[in-house]
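A.B. asks: Residue strings, one per chain:
There are 2 protein chains.
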Amino acid sequence: MHPRRAEETPAPIGPAFENEPLGIIAAGGDLPRILAEGAVAAGFRPIVARFADGIGAGWADGLGARDFRWGEAGDAIAWFQSERVRRVVSGGTVSVRPDFRAVRPTWRTLQLLHHAIRIMRGGDDSVLKRTARFLEGRGFELVAVQDLAPQLLMPAGYLGRRVASPDERAALALAARAARTIGILDAGQAAVASQQRVIAMEGIEGTREMLQRVGDLAKRGRIGAREVCVLVKAVKPGQDRRFDLPSIGGATVREAAEAGIRGIGLTAGYGLVIGFEDLVAAADAADVFVVGVEPDDEQLAGEAP
Amino acid sequence: MHPRRAEETPAPIGPAFENEPLGIIAAGGDLPRILAEGAVAAGFRPIVARFADGIGAGWADGLGARDFRWGEAGDAIAWFQSERVRRVVSGGTVSVRPDFRAVRPTWRTLQLLHHAIRIMRGGDDSVLKRTARFLEGRGFELVAVQDLAPQLLMPAGYLGRRVASPDERAALALAARAARTIGILDAGQAAVASQQRVIAMEGIEGTREMLQRVGDLAKRGRIGAREVCVLVKAVKPGQDRRFDLPSIGGATVREAAEAGIRGIGLTAGYGLVIGFEDLVAAADAADVFVVGVEPDDEQLAGEAP
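In the order they appear, the protein sequences are chains A and B.
FYI, the numbering for the first sequence is 1 to 305, going by the working numbering.
FYI, the numbering for the second sequence is 1 to 305, going by the working numbering.
No lab work stands behind these hints: they were computed from the structure.
It is possible that some hints are incorrect.
In silico DMTMM-like cross-links for lysine to aspartate or glutamate, where the CA-CA straight-line distance does not exceed 20 Å [stated by the list, open to error]: (1) A:Lys219 to A:Glu209; (2) A:Lys219 to B:Glu209; (3) B:Lys219 to A:Asp296.
The following label-pair restraints were derived from C-beta to C-beta distances [as the list claims (entries may be wrong)]: (4) A:Arg220 to B:Ala78: 55 to 61 Å; (5) A:Glu136 to B:Gln212: 36 to 42 Å; (6) A:Pro166 to B:Asp167: 55 to 61 Å; (7) B:Arg241 to A:Ser165: 35 to 41 Å.
Even for Gly, the Cβ is constructed at its ideal location relative to N, Cα and C.
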């Protein structure tokens with residue numbers, strides 16, 4: 001199912017010494033499991049700290065994973081240190097923002113409370129990024145998801161059966177322009193456009209709720225019958241490639257199709273596809289096209305080294 | 001209540017000859033009445049064609065106004081022509097998009113059907129603009145709202161009692177940047193930001209629904225307790241000043257306050273305030289600041305002549 005030729009996929013990173021421990025901060029969804037499998041395959045010894053939606057994930061049981069509340073971040077760090085973890089990767093979905101009032105920090109976390117508050121301020125999407133930056137400040141080295149699992153990177157061109165019509169290509173171009181433009185604001189990464197106009201731009205509500213909004217607008221007749229809508233998720237200009245790359249999966253395709261969207265674009269070489277087979281099956285089932293679009297020069301000009 | 005000094009307000013336009021008829025395309029809200037009063041005060045004879053939300057508006061009864069469904073646009077044009085109307089102004093709110101299936105075009109409109117379909121395609125906000133452009137194509141001259149009623153233009157500086165705190169000024173600056181940036185896309189005109197991040201950007205859903213979204217996000221704890229949110233409506237780069245200038249009124253203030261928003265910025269000299277006294281009373285009652293922000297050079301660089 002995977003359309004990328006083997007020679008195009010860069011090699012994943014490996015351990016610096018035999019059985020090197022790799023800390024994995026695991027939230028929800030398939031990505032943490034993919035990361036742990038990649039770590040094992042590369043020769044790392046995964047040390048899996050499950051947070052938020054990742055707590056209790058069955059796949060990690062054989063790995064001696066431990067569960068932590070956000071208020072126990074200090075304890076997770078102490079565990080990583082006792083296991084001599086030097087490198088850490090994080091990933092997964094966080095569907096509910098940590099409620100600071102319910103955090104009940106432990107003594108170890110209280111020592112870090114100022115930082116912990118900073119981590120929990122702001123939106124859902126940034127909580128993993130803030131956690132990772134915090135770990136970096138504590139001396140850990142951060143590994144990018146795509147360095148451990150380069151096969152997740154979106155290739156250029158189409159996945160699945162469907163290709164875009166001329167109207168859909170026009171919508172794709174406008175949605176890509178909108179997604180890049182709002183990326184300048186460090187707001188969302190996603191936008192929906194038709195061939196005629198920009199329909200919706202992602203703020204802190206996230207891609208899923210933006211898609212629900214588009215579906216609602218369509219149901220209310222606010223989108224013309226001849227308008228073809230396309231979703232684009234794009235890398236932000238100047239984006240740190242270790243964090244928060246735009247990603248899509250089968251659920252994205254199903255949510256988009258539910259909203260009446262005809263196709264999805266994702267920045268090639270930067271966006272992540274979590275679950276190629278599920279995504280392609282969902283796209284073919286819903287007659288939605290999925291395409292990797294080349295990032296333009298403007299977009300990469302400010303890229304972090 | 002009006003903070004603008006009299007000498008700063010430009011004079012409104014007047015009739016080219018005694019009793020010149022002025023066509024007014026009147027949708028809902030207070031603006032069409034303000035336009036008709038301005039027309040009478042300037043010496044025009046108003047010819048009021050009421051559409052959509054404007055149908056049956058009581059204030060126009062003394063003016064010999066007529067009601068038209070969207071499908072009767074051709075009849076409105078014939079009426080204007082029979083009254084020797086040369087100049088036309090349009091304004092007001094359109095809360096429900098014309099449903100093309102229910103339009104039942106008249107014979108006169110059928111002659112114009114291709115254009116009528118174009119008018120009714122797309123979002124609510126553009127339907128008046130499309131109607132006006134259509135009239136322009138039929139030989140009418142379009143009068144800008146602010147040329148007939150220049151007292152509606154937003155002055156620089158604060159209206160009402162409240163001024164912005166340092167955090168609120170930071171949110172104002174970011175929201176203004178976001179509103180200008182999405183204006184480049186010819187998407188919405190409005191954005192909400194806190195001092196930390198862009199919260200929401202207006203797509204085709206319109207300002208009211210964007211504000212409801214912000215209120216919903218706040219209720220769900222997705223906006224931090226220390227974040228202060230500010231709404232900005234900004235003129236689009238290259239905007240045709242005759243159409244679709246950003247506007248606010250008392251209802252905008254009440255909807256913003258309901259969403260937990262602390263202040264509102266509007267482009268000075270370009271934005272329109274529909275009902276100064278109601279707006280200032282609503283702002284003072286809700287402890288919301290309202291400020292006219294100077295358009296920056298970038299914003300005006302592409303302005304239509």
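A.B. asks: Look at each hint and say if it fits the structure.
C.D. replies: Status of each hint after checking the structure:
no., hint, in the structure
1, A:Lys219 to A:Glu209, "15 Å, holds"
2, A:Lys219 to B:Glu209, "15 Å, holds"
3, B:Lys219 to A:Asp296, "38 Å, violated"
4, A:Arg220 to B:Ala78: 55 to 61 Å, "33 Å, violated"
5, A:Glu136 to B:Gln212: 36 to 42 Å, "38 Å, holds"
6, A:Pro166 to B:Asp167: 55 to 61 Å, "48 Å, violated"
7, B:Arg241 to A:Ser165: 35 to 41 Å, "37 Å, holds"
Figure legend: structure checked against the earlier numbered hints; hints not met, in rising order: 3, 4 and 6.
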